[in-house]
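K.L.:
The primary structure of each chain is shown beneath.
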Amino acid sequence: MLLDDLIDSAQSDELLDEFAKREIRRAILAAVAIPGYQVPFGSREMPVARGWGSGGLQITLAVVHDDDVVKVIDQGDDDGVNAVNLRRLVTTSTGADQTSIAAEASVIQSRHRIPEDGLDEESILVLQVPVPEPLRGVERDMRELARMHAEADYSRMWVSLYEDKVRNGVITQTTGYPCLVNDRYVVATTPIPRWDIPRLHESPFLTLFGAGREKRIYAIPPRTKVEPLTFEDVPFEVEHADGATCSLCKSNAAFLVSLPNSDVWMCSDTDWCRRTREASA
Amino acid sequence: MGYVSARGGLDAIRAAERLVRRLRLTSESSWLEEDQILEKLRLLVDRVMGEAGLWAPRLAAKALRQSEGDATEAVHLLRAYRSTLPRFAYSESADADDVKVERRIVPAFQRVPGNQLLGRSVDYTARFLERQSDDMAREEAEKLRSEASGTPGDEGGEAHDNTDTTQRSPQRLLEMLREMDLVVDRRRADDPEPFDITRTPARPPAARSALLSSMTRADTGALVNQWYRNILGPDGYLHEVTLGEVRHGALDVVVRHPVTGLPVCVTSVRVTEVEAIEDLEGVDEDRTKFDVGYGLCFGHNERKAIAMANLDIACHRDAGRTQLEQSLLLTTDALDSAGFLEHLKLPHYVTFRSMIERKFAMRKARNRDAS
Amino acid sequence: MTLAALSSRDSTMVFRSLLQAFSSPGERVQMPAHLCDSMSPLALPLLALVDIETTFCIPDDADLEAEVAELTGSKVVAVADANFVLCTTPPPQELVLHVGRGTALQPQLGCRLIVSNESHEDNLTLRLSGPGTRPESQLSVCAAASDFIAARNLAVAHPPSGIDCWLVSSDGVVVGLPRTTHAEQG
Amino acid sequence: MTNDVEYGRYPVARLAVPEWMLKVERLGRVYGPYDDTVIASTGPEIGSSKSAVNGAVVAAWDVSFEVAAGEALGLVGESGSGKTTVLRCLAGDVAPSCGEARLRTTEGDVSMFDLDSSARRRLRIDTLAVVYQDPAEGLKMNISAGGNIAEPLTAAGWRNFGKIRDRASELLTRTEVPINRMDDLVRSFSGGMKQRVQIAKALANSPSVVLFDEPTTGLDASVAAGVLDLIRSLLEEHRIAAIVVSHDFSVIEMLTSRCLVMQHGRVVENALTDQLLEDPHHPYTQRLVAAARA
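Residue numbers (the working numbering), protein chains in the order written: chain Y, 1 to 281; chain C, 1 to 371; chain U, 1 to 186; chain B, 1 to 294.
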């Protein structure tokens, strides 16, 4: 590349220079080849703050080209403030189209949710990652964490589940339930609800995890074994509230969120809710 | 009806942006020129460049104006802009001995070859808040300007700019201590490539160059706090340190010309460089010598460079016993720490719903076990 | 066919093919036709992925190696140290066993091998299993590549260290063989 | 030759099988550089393990022995004799400078010192267990007694919560820890009770070798007696190969059938425990026995 085309590429509204994209792509390919392994990468600073989706954004920018159709959601909501800001950055800098309908999207960047439907073999799901290290609750020292993953020594994780079950009667992990990927690496699934966890197992779609602040990329390829860590005789429980249905679309087939101190429930996946309402109208 | 999550929507975000820009650009007072920021808030500009890890005075001034004085926000603007630029070349390695010193302090000795050079520092000025009126200030400025153009160097003593070259690149105290064989030699003969923390994240155990470059662009307050916690706080015990050298000066940046291959000076940067000396008294240390720490950062930021040099020794002597290296590498970056702290403002209602559900599940389990 | 530096868009398109090939090993992924017509498909992965911060080598084609180095700025190094190795014919056993495999602590440092895979009549069919594969996933390689496959299986025998391969045929089809994919004959 | 088949732990051929479960040959550990002259400058004859030549400390040198299944070997000597260094090398906590240690496992003989760190760690899960003098080295204080036993079980692949709890309560009952304290944090236990939890944890995966490092030192007499009694009955009950490190001859007498006396890093005497107490040969042993008898 001659100097001036490098300069030209800098003047465009690219958020990432070409070298950064290549570095991220190489890290993505390594992550897919070693499912569940946290691949370190340079992680550039983005127009969004660290901890606000800079990792997810870098993956999306490295993956998307102008033929793609992008969906961006936060807590399942296309219109969430953070989702709107990120979508604007992605579409302006890549020229890709945008949609709120998961089935139409080729790349879906999401914070804390997997869309209720619409993900298939053509889809790439990009999840934003606040904390990439699943074992941080049981070990602080990074050298020891690296060893535990290198040797697949996860007994301390199991002991913490045992203690949790003994002390509380149930496994109290709320979101981001740790899972064993391909019978090898324990992975932090990002703060998605337990409701979404089963859909990572043998999924038709590829999932890419981007941790910008902690500079890690990891992946779950399609059709890969993903098992929540739980005891054989302690079944994995998803969020459930008896009798709760969405006050808008009347369904209980989606993850619901509620008003404070009330039993008014609503779908977190707003587009799914909208389409359900239109279908039954 | 119904709970509307903080549904920003594109118009809300655009409205917020317009509000921020309008209030920032249409304030009554006159337009804030970049030169004013560069000259009158030069130490803030230096700090922002240091924490961004980028030498770009004009861009740092713009960033500070745009962030309305929020240093961390300005650092973010600088680094995010940097991500859009490709890296053209690597500079030749610069020798810190070539720094043309504008200020140089050697606390370890009263007299030292190359003299102490107090230079432009408020260290010994009285901290009286100047409350004279603008007119009086302008008058004084005029008087000083005429005097300065008249007879140079009359501020007296060694505080003036003088061009005596021994003065500008004095021999380091460290060299003298080496000649006295008083210092542990931490220099490496193999001269490895420095670790590039912008391409590979530094993780313990890391090369010393990774630690130094992480501290070079760390948040000033974070480093000062890490040092002071080690002195007084619960973390550990850090010996008081003697400073061998505190310097502030200009350093040329040389690059090989892509076509001719000849070295070309592309710019000159100002750096603050500190060498610290610490007494060795550990059971497995060479107690007949001192240990040495090094700190260097862009601009004039002595507070940061001194903390760096101290923490460089502390990390070396800790030798992995505690997690000091991990906390220096991982927790001192302004953007990482502030960004993650403030990300708590983002919506978390999916998580919170899941947390509430587990509370009810626990109660159910407890009632079940109780009955 | 002389090579040319890929545009940002073309680099992304080639990357997407390589990503699809790793995501579902065994699937025959067609790289962008307009690129495969204008230059040797075998070189596309390197042109899309390498730059001044990577190392590579093409042991059996020095001219191609020099051309890729010129176009991408990537450094040429010995086989054992290369991040990427391109083989214009199925590589011999000792080359495959000689490339870097990374370590348990840093498996991502394992080498990426791009291997030409011309299909002939006497093909070898391999059954594939592991992440991303389907029950019926399989891979056909020319008989001459059986050494390569045997050596590859040895190189990935101690996960997580290992090597990751793409097999590229002259029509621009790429098939992925990441280290976590098991390839058995017959 | 006893036949271990019914024990079900080791499908042992009916042929004569070498007695040892653990075989140690010329084990040595030196802190600092060493050569023959440095080694020769230390030991019982010199009266120190610190070399006058270069200050290196020859903590243990040329230590060899065998331990059979169902046998307990004592390592006795004053502090600084090298007995704990030997134990720590076998445990994997300290890297030996030289020597070899072979362990009989279901997959055949294993040379422990040649294994990489993860293989050594797997050995510590189900084949070789250690009971430390300080319970904090063997247990996690902020975890329940049951949880501490769950660690080796889950590490060995146990994934059923009910079964883990049953096994933990079975072990705690056997080591006489009150079952109603099973879910209390170990931090809140007495010294003696902590040792009993540590012993229960060590037995979790039916190891073939257990190393005891001064197991009752620091406990008051009555508590110590109870723990020793427990260890003795467990050794008899399970065909474990045990090594007991102690400075206290009464512990050695109670638990071991044979023992090595160590001084300044060297083995000065190797004999059946009761013969050693009746008729000590080496002057150092004689002094130790005399002191113990007083």
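Careful, some of the hints might be misleading.
[Claimed, not checked] Quick list of simulated restraints, FRET-style, between CB atoms:
{"id": "1", "chain 1": "Y", "residue 1": "Pro204", "chain 2": "U", "residue 2": "Ala80", "range": "34 to 42 Å"}
{"id": "2", "chain 1": "U", "residue 1": "Pro159", "chain 2": "C", "residue 2": "Arg303", "range": "30 to 38 Å"}
{"id": "3", "chain 1": "C", "residue 1": "Thr260", "chain 2": "U", "residue 2": "Ser38", "range": "56 to 64 Å"}
{"id": "4", "chain 1": "C", "residue 1": "Arg199", "chain 2": "Y", "residue 2": "Asp97", "range": "41 to 49 Å"}
{"id": "5", "chain 1": "C", "residue 1": "Arg127", "chain 2": "Y", "residue 2": "Arg167", "range": "50 to 58 Å"}
{"id": "6", "chain 1": "B", "residue 1": "Ile179", "chain 2": "Y", "residue 2": "Thr172", "range": "19 to 27 Å"}
Read the hints as simulated data drawn from the structure, not as lab findings.
For glycine and all other residues, C-beta sits at the position ideal for the given N, C-alpha and C.
K.L.:
Now tell me if each hint is right for this structure.
P.N.:
To see whether the hints hold, each was checked on the structure:
1. A beta carbon spacing of about 39 Å between proline 204 of chain Y and alanine 80 of chain U agrees with the range 34 to 42 Å that was offered as a hint.
2. Taking 30 to 38 Å as the suggested C-beta distance range, the pair proline 159 of chain U and arginine 303 of chain C does not conform, at roughly 48 Å.
3. Roughly 34 Å separates the CB atoms of threonine 260 of chain C and serine 38 of chain U, a value that falls outside the hinted 56 to 64 Å.
4. Range check, arginine 199 of chain C to aspartate 97 of chain Y: Cβ separation about 32 Å, and the 41 to 49 Å hint is violated.
5. The hinted range of 50 to 58 Å is satisfied by arginine 127 of chain C and arginine 167 of chain Y, whose Cβ atoms lie roughly 55 Å apart.
6. Range check, isoleucine 179 of chain B to threonine 172 of chain Y: Cβ separation about 24 Å, and the 19 to 27 Å hint holds.
Comparing the model with each numbered hint stated earlier shows that hints 2, 3, 4 do not hold.
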